[in-house]
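Asks: Given chain Y, put chains E, V and X in place with the hints provided.
Below, each chain spelled out in residue letters.
Number of protein chains: 4
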Amino acid sequence: MNTDTKEWLELAEIKAELAERDWFMGTSGNLSIREPDGPTFYITASGKDKRKQTDSDFLLVDLKGSPVQETELRPSAETLLHTVIYGKTKANCVLHVHTVENNVVSELYGDEGSVTFRNQEIIKATGRWDEDSEFRIPIIYNHGDIPLLAEKFNLHVQDDSGAVLIRNHGITVWGKSGFEAKRILEACEFLFQYQLLLNTQLAHTASLT
Amino acid sequence: MNTDTKEWLELAEIKAELAERDWFMGTSGNLSIREPDGPTFYITASGKDKRKQTDSDFLLVDLKGSPVQETELRPSAETLLHTVIYGKTKANCVLHVHTVENNVVSELYGDEGSVTFRNQEIIKATGRWDEDSEFRIPIIYNHGDIPLLAEKFNLHVQDDSGAVLIRNHGITVWGKSGFEAKRILEACEFLFQYQLLLNTQLAHTASLT
Amino acid sequence: MNTDTKEWLELAEIKAELAERDWFMGTSGNLSIREPDGPTFYITASGKDKRKQTDSDFLLVDLKGSPVQETELRPSAETLLHTVIYGKTKANCVLHVHTVENNVVSELYGDEGSVTFRNQEIIKATGRWDEDSEFRIPIIYNHGDIPLLAEKFNLHVQDDSGAVLIRNHGITVWGKSGFEAKRILEACEFLFQYQLLLNTQLAHTASLT
Amino acid sequence: MNTDTKEWLELAEIKAELAERDWFMGTSGNLSIREPDGPTFYITASGKDKRKQTDSDFLLVDLKGSPVQETELRPSAETLLHTVIYGKTKANCVLHVHTVENNVVSELYGDEGSVTFRNQEIIKATGRWDEDSEFRIPIIYNHGDIPLLAEKFNLHVQDDSGAVLIRNHGITVWGKSGFEAKRILEACEFLFQYQLLLNTQLAHTASLT
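Chains as they are written, first to last, in full-length UniProt numbering: chain Y, 1 to 209; chain E, 1 to 209; chain V, 1 to 209; chain X, 1 to 209.
Okay, chain Y solo, but in the shape it has when bound (with noise of 0.2 Å):
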């Protein structure tokens, strides 16, 4: 496989940013980019260590998942995901990861099916620039059964960029490029570390009146 492409090297960019943060503790997460003007996308490989920059971390796929070339390596188990958004938006990069806080976040806010966030400046990042902007991300149920989580999971991808959490099973971001959805990655991340930081304040607060 040809490893020193433009895509190649910005996934493996991303990969060793989000890797820097430990945004893929216990080998979780999964990240792909779609090739230009391509019905075919890098995805990460299955089981391997994102901590490390090899030959094999990512392999060529076609819209429906499978390996367009001959390969020892497996596609992530979860490229349905990624295959989901591919076929319906313009998007050309997909990220999945697992922080403790995005899962605490899904979780705390799981049962009203969505988190939403206003009055916050960077709330920009994620392309929402009116001061009243409202970012609202859904929460689906973690099934076990990928179709049918690929399936909830559609409902979910109607834009060219988004984010969609799976409760305790981490993040998906999407965007136009590498650059845009690690953009939008941040910022929710940033955001669930704010609201979780507040609400233990807001206890605080409680707990002196």
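Among these hints, one or two may not hold up.
One copy or any two copies: either way a pair holds, since identical chains are not told apart in the list.
[Stated by the list, open to error] No more than 25 Å apart at the CA atoms, straight line, and that leaves these computed lysine to any residue pairs for SDA-like: (1) Lys176 to Ile140; (2) Lys64 to Thr40; (3) Lys48 to Glu17; (4) Lys52 to Asp132; (5) Lys88 to Glu151; (6) Lys6 to Glu121; (7) Lys6 to Leu73; (8) Lys176 to Arg136; (9) Lys64 to Lys152; (10) Lys64 to Thr3; (11) Lys48 to Arg128; (12) Lys6 to Glu72; (13) Lys152 to Asp132; (14) Lys152 to Glu131; (15) Lys48 to Ala12; (16) Lys152 to Asn119; (17) Lys90 to Glu10; (18) Lys52 to Ala16; (19) Lys152 to Glu121; (20) Lys48 to Val115; (21) Lys48 to Glu20; (22) Lys152 to Asn142.
None of these hints come from the bench; they were simulated from the model. Small disclaimer: the values here were computed from a predicted structure and weren't measured.
Replies: Only chains E, V and X this time, still in chain Y's reference frame:
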């Protein structure tokens, strides 16, 4: 543009250090440094990934915030806040960053209009050396209209060094040198982390009584 | 000693990675890896700064924990726990680390004798693939007498991979490879961080009602 | 000054490691190491960015804290605390750092005059090996007058290794070697983080009952 002046290199170094702490989540934040005795300053270009170091990270603008050379780069959307500081004071460096902690503090104490610290050795890092010194940081409303925001911000810019929180929109600090601005910024972030951690501990104490 | 065998290098790499996360505070922790098909294993030497990489980081010992070569190095004081695992199972790697979170979990749930996780995608990293899998980690008392500690520890060593918390004395995990042991360790630490953060959020929720 | 002695290099290495953990926020903190059998020690120069490594990071002073060579460098303002330790004990290294956690602990337990830890394996890192060992860290008032502060500090300096918290002014630890001093410092910070995290968990437990 000349990318190896003392000022460019100093700003690049500060940027790298703050990026290492992940203080530019979602491409947030902007930084600037003044040319010696000059009516011009380097400021971060808009829409860049600040974890990377490139020759187009900064551009040179005048005290109105307009580029002084032909360039494809756009100055940060919030350049106006920097021009307020350089126009009124002898500050030579301005740093604006979002951290989870500074945003939570800005929300928690926002209605009071400021947050005040005392009895903390680290306050000396802001240039306050008396044992009973107070360090008060104003918190202003985050007006979406930047000229209006700059006008409100302007009311709190008197000295050659200082710090202002914008509610849910990070902190802006300035100083007579990059070294001083960074020292003040670090002291502020330390104090924010301290206060938030202490609050949760006091909630614990209250829960036991 | 031969310091460039595959096993030495793998253990050195794991040590470097765990050190980067600061999981060896106060020179705590110890690690080992078994020689292929061998009755011998490499184990961290006692009293070293595990943030550094040297030729005397590990020594080779037999299944009784005695050095198999003339050496000035002493095996870790807790080598006995490693020999229990290698003597009973087909595990090839054992990792013992102190983190603030694993110690707090061991104290918080210590009286119950174990802590159990479920409905967490990341449990799959421990080899439990069913949707309703439970992951139970025993917590044993921290006997100062190492042979007694090893005896109690022994009761929880049945499988070729596993994890045991010692109260206020870190976690010990093992697996059929260094890769597996590290994956389980990361999953455990992720789950500990998750549980502790969720607890404080539930306290917040309770404070509002 | 000779900047490649064993002692200089050891102190530089410790400084680099503590800087990596961001334990010198706002240019706080100071470090020193004694020359072998000597009435002189290297101490951090005042007002430096301790994240950087330069030839003027340290200067050599006598047991009164006065430079023993012509230099433009000023010893740290708190050199007096180091001279107290070197004058009374056989310690060869002194480390003083501010962390958010040590400052919060110093405030939280300050009125009691000390904080005590027990039943923690990591206490062994301070040289206490008995199963029921206690580790008590005195907390003194932060007198702005350094000679007065040194006088109060002096009351808690008896052994060749130890630790003292100054209220909202960080921790000072010392040991017979740089290795020992760093090990004690890490154990202290681990214990502080542990205690603060446990407190918030107990608040959670209390909220449920």
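Asks: None of the hints should be skipped; say for each whether it holds.
Replies: So, going through the hints one by one against the coordinates:
Taking CA atoms no more than 25 Å apart as the test, Lys176 paired with Ile140 passes inside one copy only; the shortest distance there is 23 Å, against 35 Å between copies. Taking the closest pair of Cα atoms, Lys64 and Thr40 come within 25 Å of each other only inside a single copy of the chain (9 Å); across copies the shortest separation is 48 Å, beyond that limit. For the identical chains of this complex, Lys48 and Glu17 are neighbours both inside a copy (16 Å) and across copies (15 Å), given an alpha-carbon limit of 25 Å. Neither within a single protomer nor between protomers do Lys52 and Asp132 lie at most 25 Å apart by alpha-carbon distance, with minima of 42 Å and 31 Å respectively.
For the homomeric pair Lys88 and Glu151, the shortest alpha-carbon distance inside one copy (13 Å) is at most 25 Å, but the shortest distance between copies (45 Å) is not. In the homo-oligomer, the alpha carbons of Lys6 and Glu121 never lie at most 25 Å apart, since the shortest distance is 32 Å inside one protomer and 32 Å across protomers. Taking the shortest Cα distances, Lys6 and Leu73 sit within 25 Å of each other both inside one copy (21 Å) and across copies (23 Å). When the C-alpha separation of Lys176 and Arg136 is checked against a cutoff of 25 Å, the pair qualifies only within one copy, where the shortest distance is 19 Å, while the shortest distance between copies is 42 Å.
Taking the shortest alpha-carbon separations for Lys64 and Lys152, only the intra-copy value of 17 Å comes in at or below 25 Å, while the best inter-copy value is 51 Å. For a Cα distance limit of 25 Å, the shortest separation of Lys64 from Thr3 inside one copy, 22 Å, qualifies, whereas the shortest one across copies, 47 Å, does not. Taking identical chains as interchangeable, the C-alpha atoms of Lys48 and Arg128 lie at most 25 Å apart only when they sit on different chains, with a minimum of 18 Å there against 35 Å within one chain. For the identical chains of this complex, Lys6 and Glu72 are neighbours both inside a copy (23 Å) and across copies (23 Å), given an alpha-carbon limit of 25 Å.
Taking the shortest Cα distances, Lys152 and Asp132 sit within 25 Å of each other only across copies (19 Å), while inside one copy they are farther apart (29 Å). For a Cα distance limit of 25 Å, the shortest separation of Lys152 from Glu131 across copies, 17 Å, qualifies, whereas the shortest one inside one copy, 31 Å, does not. Proximity of Lys48 and Ala12 under a CA criterion of 25 Å is satisfied in both settings, with 13 Å inside one chain copy and 19 Å between copies. Taking the shortest Cα distances, Lys152 and Asn119 sit within 25 Å of each other only across copies (18 Å), while inside one copy they are farther apart (29 Å).
For the homomeric pair Lys90 and Glu10, the shortest alpha-carbon distance inside one copy (18 Å) is at most 25 Å, but the shortest distance between copies (40 Å) is not. For a Cα distance limit of 25 Å, the shortest separation of Lys52 from Ala16 qualifies both inside one copy, at 8 Å, and across copies, at 13 Å. When the C-alpha separation of Lys152 and Glu121 is checked against a cutoff of 25 Å, the pair qualifies only between copies, where the shortest distance is 17 Å, while the shortest distance within a copy is 30 Å. When the C-alpha separation of Lys48 and Val115 is checked against a cutoff of 25 Å, the pair qualifies neither within a copy, at 31 Å, nor between copies, at 28 Å.
Taking the shortest Cα distances, Lys48 and Glu20 sit within 25 Å of each other both inside one copy (16 Å) and across copies (19 Å). Taking the shortest alpha-carbon separations for Lys152 and Asn142, only the intra-copy value of 10 Å comes in at or below 25 Å, while the best inter-copy value is 37 Å.
This entry does not satisfy hints 4, 6, 20, going by the numbered hints stated previously.
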